[in-house]
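Chemist: Sequence:
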Amino acid sequence: MEERLEALETKISYMENSIAELNDVLVDQQRSLDAHTKKIDSLIHLFRELKETGGEDSPHDSKPPHY
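So in the UniProt record's numbering, the last spot in the sequence shown is 67, and the numbers never skip.
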């Protein structure tokens, strides 16, 4: 009985450690996701501004110098 209890306590200890490690990874991933979301939102905002202004300064819309 004592051995079974000790084995269960050992398993629980390992599981608690694994959960803590997984939680750390999850927190890091969420921070990364938040940072990427902010960058994407910034790019969307910039794209909309360029679209509204007609992209006048866009090098793709202007004619080459020899025209």
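Honestly, the hints are just simulated from the structure, not real lab data.
Beta carbons are placed, not taken as given, at the ideal position from N, Cα and C, and that holds for glycine.
Mixed in with the good hints there might be a few duds.
What the hints assert, rightly or not - Using C-beta positions, here's what the derived DEER-type ranges look like:
#, residue 1, residue 2, range
1, 54, 24, 29 to 37 Å
2, 24, 66, 29 to 37 Å
3, 28, 66, 50 to 58 Å
4, 64, 28, 43 to 51 Å
5, 6, 43, 43 to 51 Å
Chemist: Sort out which numbered hints this structure fails and list those numbers smallest first.
Modeler: 1, 2 and 5
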